[in-house]
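Asker: Sequence:
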Amino acid sequence: MVTRINGFSGMDIDSLVKSMMTAKRASYDKITQNKQLVEWKRDSYREINSKLYDFRFNKLTDKYGKDSALNANKAIITGNKDALKADATADANGIDMKVQISKLATSATVQTTGTDKTYKGTSTLAEVDGVDLAGMSETARKDYLDKGFDLVINGVSFKDDNGKPLFNGLTSISSMISTINSNTKANVNASYDELTGQLIIRSKTSGPTGKVDIGGNTGTNSVINLFGGTPDKTVIETNGTGSGFLGSTKLSALTGATEPFSLKINNETFSFAGSATIDDVIAEVSSRAGANATASFDNATGKLVFTSKNGDAIKLGTDTGDNTLLNLFKGEKTFQSGENAKLNINGIDVEKDSNNFILNGITFNLLATTPPGETVNITTQRNPDNVLETIKGFIEDYNSLLSTLNTKTSEAKYRSFAPLTDEQKKEMKEADIKAWTEKSQSGLLKNDDILTSTVSQMRMIITANLSDLSAMGITTGKYYDEGKLILDESKLKSAISDNPQKILDLFQGSVSSPSTGIFDKLAEKVGNSINMISDRAGTDRFSGSITGAYKPESVMGRELKSYDSRMDTMLKNLTIAENRYYKQFTAMEQAMSKLNSQSSSLLSSLGLNS
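Numbers 145 to 754, taken from my numbering, label the letters of the sequence shown in order.
Quick caveat, the hints were computed from the structure, so don't treat them as lab data.
Mixed in with the good hints, there may be bad ones.
[What the hints assert, rightly or not] Derived PhoX-like pairs: lysine-lysine, alpha-carbon spacing no greater than 20 Å straight-line:
no., residue 1, residue 2
1, K218, K242
2, K207, K669
3, K635, K646
4, K185, K705
5, K637, K622
6, K247, K264
7, K218, K646
8, K355, K247
9, K247, K486
10, K185, K247
All chains should be built: construct the whole structure from the sequences, respecting the hints.
Answerer: Shown next as structure tokens:
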């Protein structure tokens with residue numbers, strides 16, 4: 145810190161230093177102005193990126209690219225509108241349909257009986273298990289966490305590479321649910337009901353082909369048991385041996401083995417020799433009062449079925465060895481399957497494995513069954529206004545974007561209006577600063593290569609399809625229109641009436657080749673521009689926000705970082721120079737003060753002081 149002494153010389157030292165520093169600050173001010181221009185240009189890119197993103201994703205994809213956008217058909221429902229929803233596709237063939245729904249498609253579902261008390265999704269499995277981890281010794285805590293909780297769904301065992309369960313006492317319920325749902329091979333959606341404490345596992349595939357098989361993994365140390373276990377069963381069936389066996393078939397014929405086969409039902413133990421027949425098993429099980437079950441055999445599937453006699457739960461023994469009767473019949477069925485939707489359409493019985501399907505060009509969404517004898521009627525009507533409004537909306541959005549890009553790339557650039565420095569702003573009025581700044585910011589994207597290329601590619605896509613577009617009333621106007629689309633609405637209406645499919649194919653592409661449509665082609669080119677702007681300016685290629693943060697690793701981000709580094713160095717040098725000037729002037733003032741003191745002493749000694 146330099147000690148500044150003023151006054152002896154009568155000179156305005158601060159003004160002198162400021163004047164001397166002005167020349168030295170010129171280079172620093174120039175760098176500051178250049179940095180400001182880069183920041184303004186980056187902001188301009190972000191504004192353009194926002195418009196490109198909106199056109200690419202919100203308009204071309206989410207609005208105009210939807211199947212319904214250029215659909216000239218409309219489904220009309222009369223009758224029970226609560227039973228189904230119906231939307232006509234462009235392929236709707238106009239056949240009227242009378243629909244009766246007797247059953248909705250269901251997904252296989254396994255749900256536990258629930259916990260004694262309910263928990264939040266943030267609760268840990270240790271809390272559900274009633275274990276206080278904090279109160280455990282370190283050894284006991286480690287053993288408990290290492291043991292974890294087993295879970296097998298549709299053959300997928302939720303374990304890590306070392307064979308340890310993925311879920312332990314520290315796992316939250318919501319985290320466990322997320323892990324289950326993200327496993328594509330398990331193919332289920334799991335959820336936890338905070339009201340009942342039930343863990344619910346539902347197949348992602350509806351109908352009989354979808355299943356939820358918990359693999360018998362319901363032991364003490366399992367996730368299923370942790371959440372209350374599976375509900376008691378009054379009917380238990382085996383997976384079955386397949387067709388080809390009768391009640392008179394001997395057990396030894398099923399495997400070739402002759403050793404006794406064991407079975408335990410409700411604490412009643414059975415033992416059957418290999419010479420016993422399936423009918424013998426049925427008779428013996430059904431006659432034992434302690435078993436409290438009736439046995440039966442399905443010839444078509446080879447399934448052995450046990451049904452409770454009084455509605456009480458049936459408990460089977462857990463022994464699954466080779467010489468058990470359960471193993472002989474391929475084990476207890478541990479999975480549930482969904483069921484098909486059943487309906488009648490125009491007198492024909494139909495089954496579907498999903499409540500959502502397409503028939504005769506109509507997209508069905510079944511919501512509820514219909515009362516006996518009641519029908520829902522579906523008819524198809526032409527809806528040309530839908531196509532017209534879509535094309536008009538597209539033209540408006542296309543022209544708006546094109547106008548923005550053309551304006552930015554042709555905007556006047558005022559090179560003599562450099563960004564104002566802080567010192568310059570102090571000498572100006574607010575209105576003058578605003579007017580100057582507008583000039584400074586003008587033309588930052590004049591002839592920009594990314595923007596001019598975007599305009600060129602957009603116009604090339606239109607030009608390549610101009611013959612078909614002109615036939616339906618869409619042209620590019622005069623040269624001074626700069627590529628804007630001009631619409632002859634009456635001509636477009638005629639085209640929609642004559643051949644709506646041609647319009648759909650032109651803009652959305654054919655079913656076999658959707659990427660050939662104008663919408664997809666424009667989306668691809670505009671998407672490329674978004675990526676290039678992101679690489680250059682650091683804008684977010686996945687968002688149209690005009691306030692989002694910039695990526696520092698972009699071209700302009702690195703340029704601004706370089707400016708900051710240079711400015712820091714220059715600012716340090718300016719501080720050093722300023723301190724040097726003050727040091728020199730201070731030395732001068734001190735010398736003059738000393739000289740003045742010596743002069744006064746000399747005059748005093750000579751008696752010349754008055």
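Asker: Next step is simple, just say for each hint if it's right about the structure.
Answerer: These are the hints, each one checked on the structure:
1. K218 to K242: holds (16 Å)
2. K207 to K669: holds (18 Å)
3. K635 to K646: Roughly 14 Å between the alpha carbons, so the hint for K635 and K646 holds.
4. K185 to K705: holds (15 Å)
5. K637 to K622: violated (23 Å)
6. K247 to K264: violated (35 Å)
7. K218 to K646: Given pair K218, K646 holds - Cα atoms ~18 Å apart, limit 20 Å.
8. K355 to K247: holds (18 Å)
9. K247 to K486: holds (5 Å)
10. K185 to K247: violated (62 Å)
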